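Colleague: So the protein lines, in turn, are chains A and B.
Residue 4 is where the first sequence starts when you use this note's numbering, and the numbers rise one by one after that.
Residue 17 is where the second sequence starts when you use this note's numbering, and the numbers rise one by one after that.
No lab work stands behind these hints: they were computed from the structure.
This structure is a prediction, so every number in the text was calculated from the model and none was measured.
Certain hints may be false.
[Said to hold, decoys possible] Calculated cross-link-like contacts (lysine-lysine; reagent style BS3-like; alpha-carbon spacing at most 30 Å):
#: 1; chain 1: B; residue 1: Lys-100; chain 2: A; residue 2: Lys-129
#: 2; chain 1: B; residue 1: Lys-80; chain 2: A; residue 2: Lys-137
#: 3; chain 1: B; residue 1: Lys-80; chain 2: A; residue 2: Lys-78
#: 4; chain 1: A; residue 1: Lys-136; chain 2: B; residue 2: Lys-166
#: 5; chain 1: A; residue 1: Lys-136; chain 2: B; residue 2: Lys-169
#: 6; chain 1: B; residue 1: Lys-100; chain 2: A; residue 2: Lys-137
#: 7; chain 1: A; residue 1: Lys-129; chain 2: B; residue 2: Lys-128
#: 8; chain 1: B; residue 1: Lys-80; chain 2: A; residue 2: Lys-204
#: 9; chain 1: A; residue 1: Lys-16; chain 2: B; residue 2: Lys-128
#: 10; chain 1: A; residue 1: Lys-78; chain 2: B; residue 2: Lys-128
#: 11; chain 1: A; residue 1: Lys-228; chain 2: A; residue 2: Lys-78
Chain by chain, the residues:
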Amino acid sequence: MSTNAVEMTPAHKEALAELLFQLADDDFLLSYRGSEWLGLAPHIEEDVASSSISQDTMGHAKMYFGLLEELGYGKIDDLAHGRSAKERKNSILVERENGAGYYMETPRYDWAYAVVRNYFYTLAKKVKIDSLKKTTYQPLAEVATKVSMELFYHHIHWRTWFTQLLSSSDEAKERMNKAIEGVMADFGDVFSYGNASQSFKEFALIEDATVLKQRWEAALEEVVKALHIESPIIQQPDRNGRLGEHTEELDRALSTLSEVYRLNPSVPW
Amino acid sequence: MYQPTLVAEKDIMEALELVQDPEISTVSVVDLGMIEGVEIHDSHVSITMLPTFLGCPALEIIKKNVVEQIQSVAGVEAVEVLFKTAPPWTSDRITEKGQKGLKAFGIAPPPKHFTEDGSWHVDCPYCGSTYVTLDNIFGPTACRSILYCKSCKNPFEAMKPISNLM
C-alpha cells in the first residue's frame with residue numbers, strides 16, 4: 004500500500020527522512036569526490052564519462068534532498084551545503100579522499116581506488132534502488148525508477164573498468180587488489196541503516212539490510228569468480244557514518260564544497 | 017461583466033513548440049517528449065514536464081524559457097512549470113519530428129532497440145552509413161553519447177537510449 008506525506012504519523016515521517024538523508028548524503032559526497040577528478044582522469048574520454056556520471060549522481064542527491072524539502076526539512080541548498088559533519092548520514096566510504104594531495108595543487112589520486120570505490124558503491128546503490136522501486140512511499144518509488152535508468156549506464160561503466168584492470172598487467176592487478184582492501188575496510192556501514200532498521204521495516208520503506216547485503220555479495224561473486232579473485236566480504240564497521248560518526252576527510256570536504264554557499268547562504272546555487 | 021479571455025490548449029501547445037532545447041535549436045520541448053500535461057484554469061496555465069536526466073543543468077533554463085513563452089500567449093496571466101519523475105521520461109517519447117530535428121543537427125536519434133548487455137546501434141546522421149563505432153557512451157551532456165563514422169569520417173553524437181527495461 005502506498006502512502007503520502009499527509010497521512011503519515013511523526014514516527015513514520017522521521018523514518019522516511021532518515022532513509023532520505025542516508026541516500027542523499029551518499030550520492031552527494033560521492034559525486035563531490037567524483038568532481039575532484041575532473042581534468043585528472045586517465046584519458047579524455049574517461050574525463051567526459053566520469054564527470055557525466057558525477058553530474059547524474061548529483062542530480063540523484065538533489066532528488067532526495069527535494070523529497071526532504073517537500074517533507075518540511077528545509078531547502079535543498081541548505082540541506083546539501085549547510086549541515087555539519089555530525090549531521091551527515093553518508094557512509095564512510097564516500098567521504099574518503101581520492102588519494103594523496105589536494106586537487107588544486109599536486110593531486111596524486113589513485114585511479115584503482117576510484118574504480119573499485121565507484122564499482123562497489125554503484126552495485127550497492129543498484130541493489131538499494133531495486134528495493135526502493137517497491138517502497139511504500141510512492142514519490143520515492145518514482146524517483147528510484149528514474150534513477151535506475153541512469154544507473155544502468157554507471158554500472159556498466161564501472162564494471163568494465165573493474166574487470167579490465169583486473170585482467171590487465173601485474174601492476175594493475177596489484178594496485179586493484181590494494182584498492183579492494185582499502186574499499187572493503189570502509190564498506191561496513193554502506194548497508195547499515197544506523198538506528199533505523201526497525202522503523203524502516205515497520206513502514207516497509209526498504210528491505211532488510213542483511214537481504215540487500217547478500218544480494219550485493221552474490222552479484223559481485225559472479226564477477227570476481229571470472230577474474231579468479233576472492234569474494235570481498237563485508238565486515239562490521241568500526242565507525243558508522245549513518246550514526247553521524249565520520250572522519251576528518253568529511254570535514255575537509257564540507258569546508259571546500261560549502262565555501263561559496265557560506266559566502267551568502269540566501270543566494271540559490 | 018468582466019469576461020476573461022479564454023486560453024486555448026492549442027495556443028499553449030503551439031507556444032511550447034517554439035521552446036527549443038537550449039543546445040539543440042532544431043528540436044522543441046514538445047519534440048523531445050518532455051511535456052506530460054497542460055492544465056488551464058481561466059488565465060492560469062500549469063505545465064507538467066518530465067526531466068530527461070535528473071542532473072541535467074539545462075532544466076532550469078528550459079523552465080524559464082517555457083514560462084516566458086507561455087506568458088506571451090494572449091490571455092495568460094500566470095504560468096507554473098512542475099517537473100515530475102512519473103512517468104519517467106524515456107527516449108521513445110521523442111516524436112518523429114524530434115527525431116528528424118536531431119538528425120538535422122547532427123545527432124542520431126536514440127535507437128529503438130538495444131540488447132540485454134546494453135549495446136545498441138545507430139546509423140551516422142550525416143551519411144547514413146551503418147559503419148560506425150561507439151567512442152563513449154557518455155557525452156558532452158547527460159543525454160548524449162559520442163560516436164564516429166568510419167565511412168564519412170565524422171565524429172557525431174547520439175541520444176542515449178533510456179528505457180523502462182533499465
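Colleague: Each hint needs a verdict: does it hold in this structure or not?
Modeller: Verification of the supplied hints:
1. B:Lys-100 <-> A:Lys-129: Judged against 30 Å, a Cα distance of about 22 Å means the pair holds.
2. B:Lys-80 <-> A:Lys-137: At roughly 34 Å apart (the allowed maximum being 30 Å), Lys-137 of chain A and Lys-80 of chain B break the hint.
3. B:Lys-80 <-> A:Lys-78: 20 Å, holds
4. A:Lys-136 <-> B:Lys-166: 41 Å, violated
5. A:Lys-136 <-> B:Lys-169: With a Cα-Cα distance of about 43 Å, the restraint between Lys-136 of chain A and Lys-169 of chain B is violated, given a limit of 30 Å.
6. B:Lys-100 <-> A:Lys-137: Given that 30 Å is the threshold and the Cα spacing comes to 18 Å, the pair holds.
7. A:Lys-129 <-> B:Lys-128: 24 Å, holds
8. B:Lys-80 <-> A:Lys-204: Given pair Lys-80 of chain B, Lys-204 of chain A is violated - Cα atoms ~41 Å apart, limit 30 Å.
9. A:Lys-16 <-> B:Lys-128: 41 Å, violated
10. A:Lys-78 <-> B:Lys-128: 39 Å, violated
11. A:Lys-228 <-> A:Lys-78: Answer violated: Lys-228 of chain A to Lys-78 of chain A is near 45 Å, above 30 Å.
The structure shown violates the earlier hints numbered 2, 4, 5, 8, 9, 10 and 11.
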